[in-house]
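Asks: Put together the whole structure using the sequences plus the hints.
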Amino acid sequence: QPDGKVTPCVFMPIVVGDLRKQTFRDIWENSEVMLKLRNKDLIKPPCGECPYRYVCGGCRARAYSYCGDYLAPDPGCFRGLMVSQGIKEEALAIMER
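Going by our numbering, the letters in the sequence shown line up with residues 30 to 126, in that order.
None of these hints come from the bench; they were simulated from the model.
Take the hints with a grain of salt, since some may be wrong.
As the list claims (entries may be wrong) - 30 Å max Cα-Cα, derived DSS-like pairs, lysine-lysine:
(1) Lys-34 with Lys-69
(2) Lys-50 with Lys-34
(3) Lys-34 with Lys-73
Replies: This is how it looks when you write it as structure tokens:
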């Protein structure tokens, strides 16, 4: 932000630090929010149980926008929607090709 406030994403208005008072490295390494965002094991199911969570992790900003919780599952995840709606394994296999 122009005032020095740092947010994880332009779509996630959570202030994680202030560049006028801290270095970017300090914010990156020590902000509780940034630490949680980088820890994919904290993401709630189904995203938190997805085999692709370490590559994808879902959109944390969308989770925050829809659920008020940046560790909530990404409501826009196509794979998660298919699983939660009980679509057969064949559909998942086609998607993963």
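Asks: Now tell me, hint by hint, if it's right for this structure.
Replies: Each hint, compared with the structure:
no.	hint	verdict
1	Lys-34 with Lys-69	holds, 25 Å
2	Lys-50 with Lys-34	holds, 10 Å
3	Lys-34 with Lys-73	holds, 27 Å
Violated hints are absent here; each numbered hint is respected by the structure.
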